[in-house]
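Colleague: Here is what each chain is made of, one letter per residue.
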Amino acid sequence: MRFLEESIVKVGVEVSNAYEAIEAAGNLLVEGELIEESYVKAMKDAYKENGPYFVLAPHIAIPHARPEDGGKEASVSLVQLKNPVEFGHSANDPVQLVFGLGASSSEEHLTLLRKLTMLLNDSGNVEKLTAAETYEEIKKIVEMER
Amino acid sequence: MIKVLAVCGLGQGTSLILKMNIEQALADRGIGADVEHTDVSSASNMDADYIITGTELAESLTDHQAKVLIVNNYFDMDEINKVIDENLVN
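In the order they appear, the protein sequences are chains A and B.
Under the numbering used here, the first residue of the first sequence is numbered 18, with each subsequent residue one higher.
Under the numbering used here, the first residue of the second sequence is numbered 322, with each subsequent residue one higher.
In isolation and in its complexed conformation, chain B is listed as follows (with noise of 0.2 Å):
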């Protein structure tokens, strides 16, 4: 199962919404993951394929195993489904 992390700086507010607008769209596409919400430092200590997160944070997360993934909008669907398209869609 791929697992994916939705990281924010406090793992409370923003990862959340950020986490169901990625379920949503691997929902949509019928993939099975297992996405999880978390905070940018627990994030370092944490096994995942990807994380997906906001420009800001990307930066302290590159050192990451997982391909990080950058999404600005996290309220545009569009946006959320062309990440998971060019990186989750094999």
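With the rest of the complex left out, here is chain A (with noise of 0.2 Å):
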């Protein structure tokens, strides 16, 4: 289990749209060894198919895909965006967090989403968050939350 450490936490990434998002999350965790390359690929795909809806509050979006398109291992990865793009929400666009999700079919995933239900539930922490400019500083907040 795996969850927003140093190497799958990036800060002020630069990319131009939706899919360069999903893929800079998703590519975080193909880097861990946390997910196959065919994960990435399913992430962008189910949003080409069900749209933005993992855009699951404002300026955040959750991208995901199924254990069986390439999970490994329960793990969650963050990209935070130098300049938020658009993913097509119609309430919470534009996007500035970027977590990506690696699903696992163990008891782990449903340890790991508690834990970011917890972070991300308190608005505070949304806010440093998006403020952050340095891993250190993320590092605290999920820290404070353990």
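Calculated from the structure, these hints are not laboratory results.
There are no misleading hints in this set.
DSSO-like, lysine-lysine: derived pairs with alpha carbons at most 30 Å apart:
#1 B/K388 to A/K65
#2 A/K157 to A/K132
#3 A/K27 to A/K58
#4 A/K132 to B/K403
#5 A/K132 to A/K156
#6 B/K403 to B/K324
#7 A/K27 to A/K132
#8 A/K61 to A/K145
#9 A/K156 to A/K89
#10 A/K132 to B/K324
#11 A/K145 to B/K403
#12 A/K132 to A/K65
Please assemble the complex out of the two chains, which come individually in their own frames, going by the hints.
Modeller: Shown next as structure tokens:
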């Protein structure tokens, strides 16, 4: 189980559209060997087919796919975008925080989602994550939730 | 027992987050309900009293016999509490 560790968090990433944003969050998980590359494609396909429903809150997207699409370990990455991009969501655009969710069929998946929910239910945390300029700042916010 | 479905595109991630927060809101009010999470295509064949989802998917669920409730911010307990209070609390 991997939750917003340094190697899977990137601050101030520049992308020009939603697909690139999903790819950036997915690639961090690929580099960490937490998902297969096929999973990143499945994340983008899910967006293409079902639309931006995973933009769950103002400025927050949580792209993901199914465990069987190439998930290896339950994991959450974060790409904080330098410039927010439009995902086409009617209420929550533009997106600035992209949490890549590596789905797994284990119990850990639920534990991770619970941690993420606790972190993001606090709007103060969301503001701090958006304003953070270094991983150290993000680490502090994440550790406070433990 | 009231049956509530939390619905997202794949039924894997986002609907689980929504389910957790709905369960929290219901527990705070002492409302006993069965909350399940599922994907949008399975939802059409499932019985429920209420479906809770985002605007984007609500459109494809309008034919469902359940009352469809919309939550825009899955992490905003105030919004979720309000939706529950306005629809599930008599």
